[in-house]
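Asks: Here is what each chain is made of, one letter per residue.
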Amino acid sequence: MRILLIEDDPMIGNSLAKALRDLGMSVDWITDGLDGEEALAAGEHTLVLLNLGLPGKQGLQLLKAIRTAGSRVPIIIITARDELDGRVASLDLGADDYLAKPFAVRELVARMNAVLRRQSGLAQSIMEAGDMTLDLDTHELRYHGTQIVLPAREFSLMRALMERPGTILSRAQLEERLYGWGEEVESNAVEVLIHSVRKKLDREVIRNVRGAGWMVVKVGS
Amino acid sequence: MTSLRRTALLWMTAMLSIVGIAGAAVSYRLASDEAKAFLDSQLRQIALNAGEGVPDTADPSIQHDSEDDFAVEIWNGARETLHASPSAVYIPRRSQAGFADVHAAGEDWRVYTSIDGGRTVQVAHREVVRREIAQHAAISAAIPILVVIPLAWLLIGWALGRFLGRLTIVASAIAERSLDSKDPIPLEGVPKEVSPLVVGMNSLVERLHYALDQQRRFVSDAAHELRTPLTVLCLQIENLQHELGQGATGACLAELERGTWRASALIDQLLRMARYDTSLEVDMAEPVDLPELLKSCLADQIPIAESRGVDLGITTMERAYILGARSELKNLFANLIDNAVRYTPSGGAVDVSIRPCGERAVVEIADTGCGIPRDLLPRVFDRFFRAAPPGIEGNGLGLSIVKAIADRHALEVELAPRDGGGLVATVSGVAFRPACGSLIRS
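Quick mapping for you: the protein sequence lines, in order, are chains U and F. Remember, the working numbering sits 308 above the position in the first sequence when you count from 1. Remember, the working numbering sits 208 above the position in the second sequence when you count from 1.
Please note that the accuracy of each hint is not assured.
Claimed, not checked - Which bits of chain F does chain U cover? Going by a derived footprint, with three or more residues having C-beta under 8 angstroms, they are: (1) 426-437; (2) 499-507.
Claimed, not checked - Example chain F residues on the side facing chain U (calculated, C-beta under 7 angstroms, incomplete): (3) Val440; (4) Cys442; (5) Leu443; (6) Gln444; (7) Asn447; (8) His450; (9) Ile510; (10) Pro511.
Stated by the list, open to error - As a list, the in silico SDA-like pairs of lysine to any residue whose alpha-carbon atoms are at most 25 angstroms apart: (11) U:Lys326 x F:Arg466; (12) U:Lys365 x F:Thr436; (13) F:Lys538 x U:Gly438; (14) F:Lys538 x U:Asp400; (15) U:Lys326 x F:Ala459; (16) U:Lys365 x F:Phe426; (17) U:Lys507 x F:Glu514; (18) U:Lys365 x F:Ser428.
Rather than coming from a laboratory, the hints here were simulated on the basis of the structure. A virtual CB, placed ideally from N, CA and C, is assigned to each residue, including glycine.
Could you put the whole structure together from the sequences, leaning on the hints where they help?
Replies: The structure is reproduced here in structure tokens:
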């Protein structure tokens, strides 16, 4: 995997390039906006990590130029500017993700993988939340190395929860997703399904929020 | 406070009244004197032309008060009465010619006597009648002036109100300005005398905004400059962990990493604080669905609460909205819930409730933690003040941020000991009632 890192700060560039190389990636590191534009135009990279404040040409201008030119290369913005300023603007201009400094390498790598999966079209059939992935075609749920195939109702439950990871869904919201109009619903049907999924994998896969509902976490442990 | 309008009104009405009353008095006096002089000249005219007299042949029905009549008497040289007008009472003949005031037959008279050789003519007029005529004349002269005085008061009041109304317009234009507005107060329509005040205010506002902008830029630059070396530290610690993350070194590195993240969290909090301090008003106020907001705060905290063995949940969840900036309000509640979870020991519970209370929406976050001693409660919102036991991490900024956000949204925050141990944080604000149907979400 060949990564293009456009970062003007020598210390950050150095340590980030080293961290990524240690993980087996090949990293081309460029410190200037204009050089960055040239490297982007060559189109030899799998993914681009782009800092916003750059000498030569600003990151946002660079982003705009490359997207206008029609390149679809995945771009993740990394910036030390206030999150409010740049996030919306850069996502609007076609960045695939946005990460504020300081960040942990493992989080960056997780985001890179997610962006690449989305790019390759895998995302259409695989959902992801925390440490779980759900295959929409095979109904396979993976968690910490365990892998099970879910029956229809349990699959619908996990799909509803994983569509919005980090969001609490109430019993009414889940029942609405799981059962059709006029279908008889047992009062504890949702609990039974959740209990069943937890028993097969782990209690932690579905979190209960007392008085509010259930959720799956967005970021893994 | 002195009121220009009241002072001006008071002075002008007082002056007008004094001038008016003096004017009325002078007119009264002049008119009265003139009437008397006129009556005197009438007396004289009659005396000089008096003769035998004729009976009254005019229409007898004409209203006529005999008291008003002149009394005319004519004597010959032998002091015999030659003629006396019908209404004449006896007034003794005076030996001296000219005007005189005489008391006769129980009344005061004004008398004119004319002596021509042996013949004496004496004309008299009742003083009461004369006085009455003079008074009537004087009053008719003074009354218009007296009537005009209160009219003038009303006019002055109205005119002053009109002029000062322009000041009120300027004042309300200033009062209605947004605190973050950079446009100068417009000078059109501002009275010339007041414009230096407005110009001065504009220049003050401009300098204030400049200073705020400077500070905002400084904060933003500082954020950038501080985060860059921290990023390097975080990355290099991870690189080190990758290379020699075993045993005692690994433990040291983990501590180092924790410290770095703590510094990074502190910088984020400081920046937030600075941002709230430099912009005085909420940027975007929108109706915020409190149950939805609190649920999202809970979702963020659930993994932490579970890992600490704290039972975090909602006890009451009723529909309630308040107006504000969602991201800031989320920050407020996230800080309070984070505190509650942080200070509650394993096995404890944190209960969140949302309910409307009259015109207000109330959110309560109650924990079973260590609480805060009553005497320290007034200081908990101070920056860097920490009331927590020393074992628990924190920077003392969380509650200051809560307070800053609450102030920007006109919300009330109160921390109080909970019955049976722990702490209750109560946040309340004016409830927003969405127009029917416009905000109904599942």
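Asks: Would you check whether Ile510 (chain F) satisfies its interface hint, that is, whether its CB is within less than 7 angstroms of any CB in chain U?
Replies: Since chain U brings a Cβ to about 5 angstroms from Ile510 (chain F), closer than 7 angstroms, the hint holds.
Asks: Was the hint right that Asn447 (chain F) lines chain U, CB cutoff 7 angstroms?
Replies: 5 angstroms, holds
Asks: The segment 426-437 of chain F covered by chain U? Criterion: 3 or more residues, Cβ-Cβ distance below 8 angstroms.
Replies: It holds, with 6 qualifying residues against the three required.
Asks: Is the hint on Val440 (chain F) kept, meaning its closest Cβ partner in chain U is under 7 angstroms away?
Replies: With a minimum Cβ separation of about 4 angstroms from chain U (threshold 7 angstroms), the hint on Val440 (chain F) holds.
Asks: Check the hint pairing Lys538 (chain F) with Gly438 (chain U) against an upper bound of 25 angstroms on the C-alpha distance.
Replies: At roughly 22 angstroms apart (the allowed maximum being 25 angstroms), Gly438 (chain U) and Lys538 (chain F) satisfy the hint.
Asks: Are Cys442 (chain F) and chain U close enough, Cβ to Cβ, to be under 7 angstroms, as the hint says?
Replies: 4 angstroms, holds
Asks: Are the Cα atoms of Lys538 (chain F) and Asp400 (chain U) separated by 25 angstroms or less?
Replies: 24 angstroms, holds
Asks: Given the hint that Lys326 (chain U) pairs with Ala459 (chain F), does the C-alpha gap stay at or below 25 angstroms?
Replies: Roughly 22 angstroms separates the two Cα atoms, so the pair holds.
Asks: Can the restraint linking Lys507 (chain U) and Glu514 (chain F) be considered satisfied, given a maximum Cα separation of 25 angstroms?
Replies: With a Cα-Cα distance of about 18 angstroms, the restraint between Lys507 (chain U) and Glu514 (chain F) holds, given a limit of 25 angstroms.
Asks: How does the coverage statement for the segment 499-507 of chain F fare against chain U, requiring three or more residues with Cβ below 8 angstroms from a Cβ of that chain?
Replies: holds (count 4)
Asks: Holds or violated: are the alpha carbons of Lys365 (chain U) and Phe426 (chain F) at most 25 angstroms from each other?
Replies: 23 angstroms, holds
Asks: May I ask you to test the interface hint for His450 (chain F) with respect to chain U, counting a Cβ-Cβ separation under 7 angstroms as satisfied?
Replies: 5 angstroms, holds
Violated hints are absent here; each numbered hint is respected by the structure.
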